[in-house]
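Undergrad: Just so you know, the protein sequences line up as chains V and X, in that order. For the first sequence, the numbering used here begins at 1 and goes up steadily by one. For the second sequence, the numbering used here begins at 1 and goes up steadily by one.
Chain X is nowhere near these chain V residues, computed Cβ spacing over 10 Å in every case:
| no. | residue |
| --- | --- |
| 1 | Val123 |
| 2 | Asn140 |
| 3 | Ser190 |
| 4 | Arg195 |
| 5 | Thr198 |
What follows is a list of derived Cβ distance ranges for each label pair:
| no. | chain 1 | residue 1 | chain 2 | residue 2 | range |
| --- | --- | --- | --- | --- | --- |
| 6 | X | Ala59 | V | Val42 | 18 to 26 Å |
| 7 | V | Val173 | X | Gln83 | 31 to 39 Å |
| 8 | X | Ala59 | V | Val121 | 50 to 58 Å |
| 9 | X | Val81 | V | Leu50 | 25 to 33 Å |
| 10 | V | Asp143 | X | Val246 | 56 to 64 Å |
Facing chain X, from chain V, some residues (calculated, C-beta under 10 Å):
| no. | residue |
| --- | --- |
| 11 | Gly31 |
| 12 | Asp80 |
| 13 | Arg90 |
| 14 | Val129 |
If you are wondering where the hints come from, they were derived from the structure by calculation, not from laboratory data. A virtual CB, placed ideally from N, CA and C, is assigned to each residue, including glycine.
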Amino acid sequence: MAEQPDQPDQPATSASRAAELAAALLPSNLGVKVGMLIAVTVMVIGGFILYVLFARGVFEQTQRLYLITDNAEGVAVGTDLSFAGFPIGRVRGVQLRDDGKVRISVRVPVDDAKWLRESSVFVIEMPLVGAAKLRAFSANLKDPPLPDRAERPVLRGDTAQEIPKMVATLRSVLENLDQMTDSGSSLQESLKNARVVTERMAGKQGVLGAALGSEDKREKSAAVDRSRQHAAGIAQRRLAQARRRAGENRPARSRAGRCGRGNAKGGGAGECDPW
Amino acid sequence: MAFAGEYISGLAAGGGCCVLPASPPWRRCRPPPTDRWRAPSRWRQIHLTAWKILPGYLAAATLLSLLLIEVVVVSARRYGVAQYSLELVLRVLVLELVPLVTALFVALRSGAAIGAEIAMMSYRGELDDAQEADASPLHAELVPRIAGAALSVASLTTLGCVISVWLSYVVFYGFTPAGLTEFTRIISNVFDGIELTAFGLKCLLFGLAVAIVPAATALEAERGEIKSLPAVVLGGLVKLFFVILVVEAATLVVKYA
Numbered sequence: 001m002a003e004q005p006d007q008p009d010q011p012a013t014s015a016s017r018a019a020e021l022a023a024a025l026l027p028s029n030l031g032v033k034v035g036m037l038i039a040v041t042v043m044v045i046g047g048f049i050l051y052v053l054f055a056r057g058v059f060e061q062t063q064r065l066y067l068i069t070d071n072a073e074g075v076a077v078g079t080d081l082s083f084a085g086f087p088i089g090r091v092r093g094v095q096l097r098d099d100g101k102v103r104i105s106v107r108v109p110v111d112d113a114k115w116l117r118e119s120s121v122f123v124i125e126m127p128l129v130g131a132a133k134l135r136a137f138s139a140n141l142k143d144p145p146l147p148d149r150a151e152r153p154v155l156r157g158d159t160a161q162e163i164p165k166m167v168a169t170l171r172s173v174l175e176n177l178d179q180m181t182d183s184g185s186s187l188q189e190s191l192k193n194a195r196v197v198t199e200r201m202a203g204k205q206g207v208l209g210a211a212l213g214s215e216d217k218r219e220k221s222a223a224v225d226r227s228r229q230h231a232a233g234i235a236q237r238r239l240a241q242a243r244r245r246a247g248e249n250r251p252a253r254s255r256a257g258r259c260g261r262g263n264a265k266g267g268g269a270g271e272c273d274p275w
Numbered sequence: 001m002a003f004a005g006e007y008i009s010g011l012a013a014g015g016g017c018c019v020l021p022a023s024p025p026w027r028r029c030r031p032p033p034t035d036r037w038r039a040p041s042r043w044r045q046i047h048l049t050a051w052k053i054l055p056g057y058l059a060a061a062t063l064l065s066l067l068l069i070e071v072v073v074v075s076a077r078r079y080g081v082a083q084y085s086l087e088l089v090l091r092v093l094v095l096e097l098v099p100l101v102t103a104l105f106v107a108l109r110s111g112a113a114i115g116a117e118i119a120m121m122s123y124r125g126e127l128d129d130a131q132e133a134d135a136s137p138l139h140a141e142l143v144p145r146i147a148g149a150a151l152s153v154a155s156l157t158t159l160g161c162v163i164s165v166w167l168s169y170v171v172f173y174g175f176t177p178a179g180l181t182e183f184t185r186i187i188s189n190v191f192d193g194i195e196l197t198a199f200g201l202k203c204l205l206f207g208l209a210v211a212i213v214p215a216a217t218a219l220e221a222e223r224g225e226i227k228s229l230p231a232v233v234l235g236g237l238v239k240l241f242f243v244i245l246v247v248e249a250a251t252l253v254v255k256y257a
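So that you can see chain V by itself, here it is in the shape it has in the complex (with noise of 0.2 Å):
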């Protein structure tokens, strides 16, 4: 009976040298090591927040800029506003007026806004990799500075858009670049006279035979010539003949005094002549 009582103890006992083994396992300065985790972690929570206000220019002082447009596709809140390759701003808003054109709002650090000018130009371009781009360009820099709230145009440079005519203009240089170099087409034929050409200069014959044509046309040409002479031969011949009948009529047509009529008249021997 006695015991009994000391029964329900057996369970604390073992309890009581478990806490004790996990109490001897944990580090005497646990409080220290967990304080300085959370510290250091709600000190870069707030350090890190404290960066990003900064970075997004919550402390600095800016001036805004209207840019109005037909079509704002691609920009976005945050997209920045560049000048020679340097952000110089960010768009803060970007609303859809009433009369149909967008009026994208765009804040400017007071320290940047020297870059803008009166005369300063907006251009929205699209480029094929990215997001929409933003940029101003200011020819010159002695302008009066671009005023707080100003409103501007802005141009839109589409790369994007410009593809399809590209292509299209690209599909008949193609097209041109085929007809000119099909089989029979008129370059393939001056190409092909041109190696005739060169070929006939590199000839027995040089530079003449490319300049008299081929070596049929040259026995063409030479018997052309030589009927010329056999027809100018036999013309010859037929006027000695003639010439010889003409002496040999003379006393008798002088009698006849039909040549001497004609003489009389000027005409000549060839008047007398019968051809």
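Chain V is already provided as a structure; the job is to place chain X on it using the hints.
TA: Below, chain X alone, put in the same frame as chain V:
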């Protein structure tokens, strides 16, 4: 499962519960063995969940960050979009992967332990005994664990993200302040108010999921039925991974859909 609802309702009073003494009410009648054992339970939980794994976690976070940053940088340069790679690294690594990996890390390290501990308490009937003794095991044992695990997830995520951001700067610009202006501009692009709010909310949900889901599932263990312990512990881990994926997908949908 009756306790599961009490866990969630008890979280509303979590801040106040964190100041409760660590010793469970049904043990208060016994003198504490040592002064160390009086350390708040949530501190012990944070020490076990965050401090003890801090070196390993930081090493893993550094290695993962370096690998991913190098992969993204090399790929972006190869495709000619290097100017977008830093923003991509910050969005993918810092905002998405580091919190997810941290939650999984703490889940493996502590979620299973919390679930096993609660399951053993259910198996021994300690929770039922405490309820019969008009004590509140929820406030005494579970809420400090939940708060400790959530704080651990938040701390580790914060430190991991800081390491990732610092490594991103070093890899892109080197050990020089020359790129600070550009880096600050990209930081301002990535971390706007919505992103920071979604990031904080996601970390909070991850921490609560890591602490609550295994413990709530472990309460399904039957008293005196030791065969039910492995099932509830493993089931708790499976549910935890599912909840973590659902939270991650939901935040992605809210941000990008």
